[in-house]
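All chains, full assembly: derive it from the sequences and hints.
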Amino acid sequence: MYRIANVAVVDPRDGSITADQDIRIADGRIAGIGAAAGPDRDQTTVDGRGRFVVPGFVDMHAHPLNLGDPTRELGLMLAFGVTGYRQMSGTPDLLRRRRDRGPAVDDGTPALLATPGAVLTPINAGKPDTAVAEVRRQVLDGADFIKAALITPEVYAAVQTEADRLGIPVVGHLPAGVDVRAASDAGFRSIEHVGPGLGVLGGCSCHEERLRATTSRGPIKAPPFKIPFADKVAEKLIGRIVVNPAQMTGPATLRAIQDAVDSFDEDKARELARRFAANDTWNCPTLIRIKAQQFCDDPAFAADPDLRYATAKERKTWNAAAAAFRKKFGEAQRAVFAAQFALQLRVVKILDEEGAPLLAGTDAVGAAWVVAGASLHDEFDLLAEAGLSPLRILRTATTDPARFLGRERDAGTVEPGKEADLVLLDRDPTAAVANLHTVSGVVRAGRHQDTAALTALKEQATGR
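Numbered according to my numbering, the sequence shown terminates at residue 464, and the numbering increases by one at each position without gaps.
Heads up, a few of these hints could be off.
Simulated pairs of lysine-lysine, DSSO-like, Cα-Cα distance not exceeding 27 angstroms [to be verified]:
{"no.": "1", "residue 1": "349", "residue 2": "268"}
{"no.": "2", "residue 1": "327", "residue 2": "316"}
{"no.": "3", "residue 1": "458", "residue 2": "316"}
{"no.": "4", "residue 1": "328", "residue 2": "316"}
{"no.": "5", "residue 1": "328", "residue 2": "349"}
{"no.": "6", "residue 1": "327", "residue 2": "349"}
{"no.": "7", "residue 1": "313", "residue 2": "458"}
Each pair of labels, with its calculated beta carbon distance range [unchecked claim]:
{"no.": "8", "residue 1": "179", "residue 2": "136", "range": "45 to 53 angstroms"}
{"no.": "9", "residue 1": "251", "residue 2": "323", "range": "16 to 24 angstroms"}
{"no.": "10", "residue 1": "280", "residue 2": "434", "range": "25 to 33 angstroms"}
{"no.": "11", "residue 1": "462", "residue 2": "417", "range": "36 to 44 angstroms"}
{"no.": "12", "residue 1": "315", "residue 2": "453", "range": "39 to 47 angstroms"}
{"no.": "13", "residue 1": "20", "residue 2": "387", "range": "32 to 40 angstroms"}
{"no.": "14", "residue 1": "213", "residue 2": "127", "range": "19 to 27 angstroms"}
{"no.": "15", "residue 1": "271", "residue 2": "452", "range": "50 to 58 angstroms"}
{"no.": "16", "residue 1": "107", "residue 2": "267", "range": "31 to 39 angstroms"}
These are calculated hints, taken from the structure and not from any lab test.
Note that CB positions come from ideal geometry on N, CA and C, so glycine has one too.
Below, the structure is given as structure tokens:
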């Protein structure tokens, strides 16, 4: 057992701060919290004077396990205060390994809190019957949720029906052509990337039906025969697209985006946000991911000091993506992307104002300019740019992930009996979003990592 002494405990639920507290930690959990008791020679003590403690940050949209060896990325995430994450793409092998491993083992890295099987694409879900079979297979393999991506409205309907029958949530990308309100009513659990594309923005337009018809094209057709190692083929296909999906945007889609911007209806947006709130439909905007896509060649990305934590291969790939973006899109097209991003920020603020539930996520690893760990702090800044308060931003990475994942008994607040996954901050996180960046200590499963240890984790990732 040890204690964090004389620390201010922040409750993300209401922003209350209880000063001068001692937190006792034992066996990976918070054993007790009480008024500071002064020196104790018989107990190891972490000095919390002048500091604030919050629940560990959770990145609710990440892909570290896409890598053969994610040790470096998981270390970076921990160094920036991320103590848990939702893995947003899986494989049958990943699910089998997790099942065979048994209960989660503390290896000092951020906790894997949830994962799907393979993302639904035309390769494994090209038709309703094959999609239903894939859902059943993933449930048997132990998936926590089903992630939709490049599927048709017809396939989505079959997936949602079967998932409901089996009691597993469906999350991910709203398929092109799907009515966002109907999806919310049907139980679509979390919408990623504000859609992506026109998924949510289209639902805020007075031209909604026209936009839906415009984008309702069948994605890549399913092959007429079974592909050996289809999951690995899908992984490679998605991996190429993932670096920057905006690169695939064509003239017709750009026109549709401009139409959505010009026909935006705030009343419809607010009604949609209220429906999300009523249906408990969550949104994980991943604004840093969207910005990195739609402004891919912005010199600020290439000049970001946090790029020192990216590998040489990543930097080469991302610079190539920026060059391709610069070559393809002129000023007129860039203006459309800029207007789209401004509207996406506005919609996120409306979701906040109307009480729609939100989650903080980044889309690290694999996305251009999105650095593991550091990108969650970029997301905090962009949520603030959208107009969210520091307290609401803190909730999107702490109490709200716990609620979404059904882990409120174990996580989301700093209370006795809960898991000892904590972040120590040098400044009050409720006063300014910048204060969320002042991470000076992390506790993961009861193990305390001080500033020197966190710096060492970052240095290990530098210059690879």
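For this session: Could you tell me which of the numbered hints above are not met by this structure, giving the numbers in increasing order?
Result: When the structure is compared with the hints, numbers 5, 6, 8, 12, 16 turn out to be violated.
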